[in-house]
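Trainee: Chains as they are written, first to last, in full-length UniProt numbering: chain A, 1 to 445; chain B, 1 to 569.
It is worth saying that the hints were derived from the structure and are not from the lab.
Every residue gets a Cβ at the ideal spot worked out from N, C-alpha and C, and that includes glycine.
Mixed in with the good hints there might be a few duds.
Claimed, not checked - Here are the computed distance ranges between Cβ atoms for each label pair:
no. : chain 1 : residue 1 : chain 2 : residue 2 : range
1   : A       : Lys-2     : B       : Ser-293   : 42 to 50 Å
2   : B       : Arg-310   : A       : Val-398   : 22 to 30 Å
3   : B       : Lys-72    : A       : Leu-21    : 32 to 40 Å
4   : B       : Leu-527   : A       : Ile-392   : 42 to 50 Å
5   : A       : Ala-430   : B       : Asp-563   : 45 to 53 Å
6   : B       : Thr-478   : A       : Thr-366   : 26 to 34 Å
7   : B       : Arg-520   : A       : Glu-414   : 30 to 38 Å
8   : A       : Ala-372   : B       : Gly-263   : 27 to 35 Å
9   : B       : Lys-507   : A       : Lys-407   : 56 to 64 Å
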Amino acid sequence: MKVKVISRNPDDYQRETKADLHKLVRNYNSERDAFQAQTEYVRALNATKLERVFAKPFVASLDGHNDGVSILSKHPFRSSTIFSGARDGQIKVWNLPRRECISTIQTHRGLVNGLSVDNVDGEQMVTVGSDSQLKMWKVPVTGKEANLDEPMHSIPLNEVAHSISHVANSTDFVTSGDTVNVWKPWRDSPIRTYNLGVNTIHCVRANPIEEAVMVGVTTDRSIFLLDTRQKSPLKKVTMKLRPNMVIWNPMEAFVFAVANDDYNAYSFDMRNLVNPRRIHYGHTMAVVDIDYSPTGRELCTGSFDRSVRIYGVDSATSREVYHTKRMQQVLSVLWSADSKFVLSGSNEMNVRVWKAHAAEKLGPMTKREESALQYSEKLREQFKEHPEIRRIQRHRHVPGSIYNQTKELRTIREAKEKKAERRIKYNKEAVPERDTHMVATKEEE
Amino acid sequence: MKTEVISFKAEDAGDVKSVMSLGERKHLKTEQKPIQTFPFKSKHKKKEEGDRYPKELPISDAAVKRHDAGIKDFDPEQMRTQLAKKRAEKTKRKYEDRVTATARAEILNEETSGFLETENGNLTRNVTQREIVESVDLASATKHFDLHLEQFGPYHIDYTDNGRHLLLGGKRGHIAAFDWQTKKLHTENNVMEAVRDVKFLHTENMFAVSQKNYLYIYDNVGTELHCLKNFNQVLQLEFLPKHFLLVGSGRNSWLHYLDVSIGQIVVEFPTKQGALDVMCQNPANAIIHTGHSDGTVSLWSPSSKEPLVRMLAHTGVLKGIAVDQSGTYMATTGLDRKCRIWDVRMYRQLHAYTISPLLGRVAISDQKVIACAVGNTVQTFKDMHLGVCSEPYLVHRCSGVISDLKFVPFEDVLGVGHANGFTSLIIPGSGEANVDLIRANPYETKKQRKEREVKQLLEKIPHDMICLDPDEIARVDTESLEKAEEERKKSLLHVNKPAIKFTPRHKMKGKGSALNKARRKEIVTQLRRTERNEEVKAAEKEFFGSGDAKRAREDDGPKHVLDRFKIKR
């Protein structure tokens, strides 16, 4: 008779000393765990709940301005340097990681309308103000340099310039006011001037890649594309309500986003301006500023409804909404160069720093912590369409004003949709909602 | 300064060549690396021919098949775009690599399962426990033991999930919990009333005892923690570890589900099937199987007060029921002398074996060895689920009538509770040899147990997720999608019936009566209505396909005698 019985040596399964790690013996031929899917669902649910628990997006408040912060701008090369401009003409240069103001410059009498840093060596800063001046400054590094308060160069303009933007890879810049002007530094007159009609051009942005292309918005609610190699603008389309701000996507430089007065933000493809490529809904008052993340995959918007929202470039709804009790109308937003933070400047004179991902843990992590977070993120991604998880993931607490206004807007939108649906049903002409935001459906040449 | 002298031992030094001339060195240089010319000779191939140790061990197809969860059927060619196809191919390759890697990892399993072989045509059923004990190692020999507890029997028993601890509950009030391998007693007590069943909860530190009237929960030192009066006269207990549910089946036909993590009864309902004295759980989907005196088996989940499935298993009273670890096979025993093996996934009988009219409890081990209680003997069977079993594998006669049978997880041991105590039997080849310490750890330390408890609680599956197919949650919910699509189609097609307006021409006085006028109106309206209905029907037919075809198909099927009673359309 031959007999063998399972007889294990406990030493193969137990650690030798207390200082050792526990041995982890696996059975590589075991049956699949029958409850694997359900367990993973429960884990995903827990991970989603924890993500909401740890969602504490507010990082810091940079205070010191004496008026509403209407401009936020970043340095093209130094990711730690941030510029903020207030309505009293004061500009502050901040060191973001240390949360301290490097330097304060009184640039203009009255509002400072625009600020831009050159894209060659990042040492010249040009500002325009409502006092019809264009001033060139040295960019402070430590704040202890001499003569920071004095502009390097100053030009009186014939008009009030409303915005300024540096051309890609160049020290040239464009300003916009009644006309669009292209400037070379140190010259007292523009090298090129475009007259686009009687309306004020309140924003112009040079393309971050193609030097000759720029986009702008005018007070007659239109968006125009300009090629400096040509005499007249390339294209011009008109929206139903006024576009407030425009910004190029830093990665896909043929796409730009527009902040609009009709509570929406829009992404446009410059090759087809007939309709917006994507409409970003969610705000309940005029959207005044917009910025892309440096990755070009997300954008943040600031609105008069006292909130900041973050959208994926291809999503219609926001993935995040930031607000605090004391934050008033948001006048400017900025996505930091390391793409980890979002800054908002608001009417009550503060600049706020938010995390771009609300539940993200800042600072170094252990390997195990990192892999655990990656695992839970993957699980959340896998089960995101399950109703319970979806509900928790999407739920955001918003102030009463936004909540009620959203509800009202939803009712209006649903009524419109229903109407369109009924019109389709009875073979009447109906325009889909996404095609109702532009005035001229045909591009003007 | 002192210089250190390093001396070589004789075996450290290799062959030393004599000094070479310059010419020889040059020769050596050219020899060193011959320039390869196209086509390159594969070094790898050469190695394979003569190498006794190939780089990768060949894996058997069976092993690959065992680990393949369906990636073989995934066809990237079905993707619509080139990009999607490329991506799918990449994914497929990744999964295939994983399958081969896991299949290859099988050789890392160190333990081998037990076996029993006899010589000269002797039958294994004639091998006694004493013979086995004499021929195995000392540690294994201690796994066979007998506890003589004549005053308190018959005994109900239970093991923890890691197979380390044993709980005994005697009919006459004796309860004892101990580590059966080291024989270290945790607690022993007499509750001074009838004990119907005992069950460990998620750790060995807590166990439930169903007593004369109520259910009690004790801890590892025998302190009474809870008394649950809702669990009235419970005959059988089960514990669902993933859900933290303690299930009790009552003498009054009630099923109770207690969530032990929050101490609340989550569901209880009457099954209306008489006293539930035969019950087991399906470890693969946490469904409760109950056996009834009319020979049926019912499958229960807490989300439904009606049985999910009812099967007629035996023509007589059902005596025992057990489901294997993978949730594939169910074994039932009944008074009709039969032990039947079922495929629980299809609710179909696979095999039936006639054994004895005294058949009682039944148990299935990890390796699908089936143990049946026949009066006071235990008969174990191998390969019963494959239908190739004609002889019992091992037989043991206990000193009393058997009341409970449980195989020990990860051991070749069968625990038997009987009228005169408890017997632990060695059944070689019944247990899973390789332990996965992530799932169950027989060598768990106190700290590990505490950590497991926390993890287990965090991953507690809600009781309302118990269903026949636990993988349902990971599948696309096509059913509701189809329903929504149907709704959408219907709403698209829906047209408000326009009112038919027809005013008969006014005729001068005396030319036509009011009655005629009304009749004319009726006729025209009717005509137009029919026309419109025809149009709608045609459109519907185009949209949904004709319903007649389906009806015709039904009619074409083979006729049944009872068809004549069907309501004709």
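Trainee: Each hint needs a verdict: does it hold in this structure or not?
Mentor: Outcome of the hint check:
no. : hint                              : verdict
1   : A:Lys-2 - B:Ser-293: 42 to 50 Å   : 44 Å, holds
2   : B:Arg-310 - A:Val-398: 22 to 30 Å : 52 Å, violated
3   : B:Lys-72 - A:Leu-21: 32 to 40 Å   : 37 Å, holds
4   : B:Leu-527 - A:Ile-392: 42 to 50 Å : 59 Å, violated
5   : A:Ala-430 - B:Asp-563: 45 to 53 Å : 51 Å, holds
6   : B:Thr-478 - A:Thr-366: 26 to 34 Å : 42 Å, violated
7   : B:Arg-520 - A:Glu-414: 30 to 38 Å : 46 Å, violated
8   : A:Ala-372 - B:Gly-263: 27 to 35 Å : 30 Å, holds
9   : B:Lys-507 - A:Lys-407: 56 to 64 Å : 60 Å, holds
In summary, the structure is inconsistent with hints 2, 4, 6 and 7 from the numbered list given earlier, while agreeing with the others.
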